[in-house]
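From first to last, the protein sequence lines stand for chains Y and U.
Just so you know, we're using our numbering here: the first sequence kicks off at 1 and counts up by one.
Just so you know, we're using our numbering here: the second sequence kicks off at 550 and counts up by one.
Among the clues, some could well be false.
The calculated lysine-lysine pairs, modelled on DSSO-like cross-linking and capped at a C-alpha distance of 27 Å, are [unchecked claim]:
1. Lys334/Y / Lys681/U
2. Lys68/Y / Lys196/Y
3. Lys68/Y / Lys681/U
4. Lys436/Y / Lys681/U
5. Lys428/Y / Lys647/U
6. Lys429/Y / Lys279/Y
7. Lys336/Y / Lys681/U
8. Lys68/Y / Lys338/Y
9. Lys338/Y / Lys251/Y
No lab work stands behind these hints: they were computed from the structure.
Since we're looking at a predicted model, the values are computed, not measured.
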Amino acid sequence: MSLPSNSDVVIVGTGVVAAVVAEQLLDAGLSVVMLEAGPRVSRAEIVENYRNLPLGNKGNAIASYPSKPWAPHPEPNSGRPGDDYLQVSGPNGIGYLQSYVRYAGGSTWHWAGTSWRLTPEDMRLNSNFGVGRDWPFPYEELEPYYVKTEYKLGICGPSDEAEQWPQGVPRSAPYPMPELPFSPGENKFTDVVRDKLGLRNVHVAQARNSGTAYDNRPACCSSNNCVPVCPVGAKYDAATALGRLEAKGAKILHNAVVYKVETNAQNQVEAVNYLDPDKQSHRVTGKTFVLACNGIETPKLLLMSADDRNPNGLANSSDQVGRNMMDHPQLAYKIKLKEPYWTGVGPVVNSGIMETSQGDYRARHAAAYFRFNNFAQNRFVTFDTLQQGLVGKALDEQLRHNTGTSGMIVAAHEILPDPNNRLTLSDKKDWLGLPKPAVHYDVGDYVRRSAEEFSGPMIQRIAEAMGVLEAPKTVGFRPSKHIMGGTIMGTDSSNSVVDDVCRSHDHANLFLPGGGAMPSTATGNSTITMVALGFRAAEAIVQQMKAGA
Amino acid sequence: MSRNNNERELQSLSRRKLLKAGAALGAGGLLGVQLPVSAALAAEPGVAPFMELSRLLVNHQLDEGVGQRMWQLLQQENAQLDRQVSAVLEIAHANNAKIVEDFFPAIPEGELQDLAYQVIFGWYAGCLNTSKTAESFAFAQALTFQNTADVISIPSYGRTGPNEWADRPNVPVLPLRDF
Ligand SMILES: Cc1cc2nc3c(=O)[nH]c(=O)nc-3n(C[C@H](O)[C@H](O)[C@H](O)COP(=O)(O)OP(=O)(O)OC[C@H]3O[C@@H](n4cnc5c(N)ncnc54)[C@H](O)[C@@H]3O)c2cc1C
Ligand code: SF4
């Protein structure tokens, strides 16, 4: 096979960050090759996988995406290649058992599409509250890239300023589409928390076509299956962009697992090496390199690429690669309601209480936002109900009752960057013989204090306001799958990995856009910020290449 | 069975909306797609009694394609299936049963009641047990989804036209949908 050689830009990954960076570069006239570890699959195949799952496994978002032996992704308790791929340890190890998809298109295949922007305060935690890290630039500089992201992905949201997040912060452009309607349960929830607790449950800004087609994709038709897969592509996922990238000239290689990034005598990146499913190695050269493999796979690849000049791994003179691993530690609570709420019309997540996520209390404990998920409850209540021994009309009534009166409320927390929350290379190997990623994780006192003093009590107040049969319980911190921090951004090259445009401090032609760069997490789902950083990096790459040319 | 006007109205309303969204309507109240029926399985002597029993144990329109697949799986794990089906059917006949309530209390505890519960489980869940690796023989046709299809979506099946689900009333749990 003839490999593309010396392209202007080599991008590793075809997830949302990679896809957005690639398109900007192609539009600027640069040549782009993309290397993707996993296979290219059709939407129909994934939808069939989902529909054929037994009821007992329908709630498992990764089960519709069986990983390939050469590109394992975490698939806990599955007996599949990804079974113990991601090794977790530490006080909250299980809280970092992330889920992501190593297929062309990446993890937006099964994301929910929730797209909260950061607030100006979220980017200045250290200055404002004396905790965590500040961003090297202010919100005003990020804002235009948020707009680009909202238009590229097709993010719908409210036009009423009182409903927008962040509140009271000007937007330079409206959302490209209006907000999506609430389900009956969300309407009721919104009324209840407003009337009883004075809280505002607002429409989620989400990457989903609202009321209209957009980006050659159809409007959302309320099939309530965004996680694990939107059957019609009304939700943005990066797989929907790949054909367009190819039409613009991108060359995409699939089943190409990059395992080593190579530097030259000037410590610039010169090539990447990948293994194919026959375990054969190939080398791809280029001028500029972008690693957009997600917050776990990018630091892993950097560590794997250690060489004589960079004995601790590439981009790692600061020793921060793989440190500061973050997410939004979440506490989920199943609730049994006295009256029916009926979730399960419209998207699976469609509203949230964001206003609780700001305040001076962040000097003491983590912020949290709260939401009432909108998943249809059938799959969660059917087995228990069937085991009650009812038949006929009594069974139908009980089943219907349990479906309409069950639900889940969630508290999603911010977390601080802690160098001890660390990704390393496990001595366990995957099918290709590459090291599996290992993450040590402790949510820390800042988050635990929040759960004790703030988010836990707030959940109980919300549950009580909704009218629950008993006080809800949680099984403890679980991941939100928003992987951040492992290639952290900063101005000081001695304690950060990338600069303010996601360029590695150590290698001027190596860019690491995405969640890894984020110095603070805030509480809201962060892919929109990862993509905004991708836009900013792409602009810098174009400038740098034009200046060099 | 007679139904009141409200129920009928609710159901025809949801049908109109589904038709508008282009979803297929199965015959007699089952929403969504029906599974293909196998002629070879239909000729199996055990299938007709199994379907007859199923229709007595579950008071709804049943999809024959689903029944065939469930029968095949049950047969693989239970060598006594045909005998047990006949035994429960006999009890139903002896009670002149038209619906499950007419004869269920007469089914003795033990293997016959277990079978009856398992058949009901299968029709509602689309699989025979709660395991993550159970074989699935029905999804949209599984009655747990049909039971609430007038109010909420069957995941992955389109429900309405663009944003047409706005301002739906928060309906009470009852009345039940007839399906
Ligand atoms: C169930 C679920 C729900 C979610 N919901 C939301 C949400 O509502 N809102 C939100 O903001 N976020 C959500 N997320 C998170 C979101 O999916 C990720 O933040 C986002 O996909 C990250 O994009 P990315 O491009 O950085 O990485 P990915 O999408 O993971 O893409 C990385 C790509 O790199 C490829 N790759 C990896 N390693 C290699 C290698 N060695 N060689 C070549 N290619 C490689 C992968 O195959 C993949 O294509 C959710 C995640 C999950 C699991
Ligand atoms: S509700 Fe259905 S159509 Fe709409 S985005 Fe989610 S999966 Fe797609």
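Do the hints match the structure? See the list:
no., hint, in the structure
1, Lys334/Y / Lys681/U, "holds, 20 Å"
2, Lys68/Y / Lys196/Y, "violated, 50 Å"
3, Lys68/Y / Lys681/U, "holds, 20 Å"
4, Lys436/Y / Lys681/U, "holds, 25 Å"
5, Lys428/Y / Lys647/U, "violated, 61 Å"
6, Lys429/Y / Lys279/Y, "holds, 14 Å"
7, Lys336/Y / Lys681/U, "holds, 24 Å"
8, Lys68/Y / Lys338/Y, "violated, 45 Å"
9, Lys338/Y / Lys251/Y, "violated, 56 Å"
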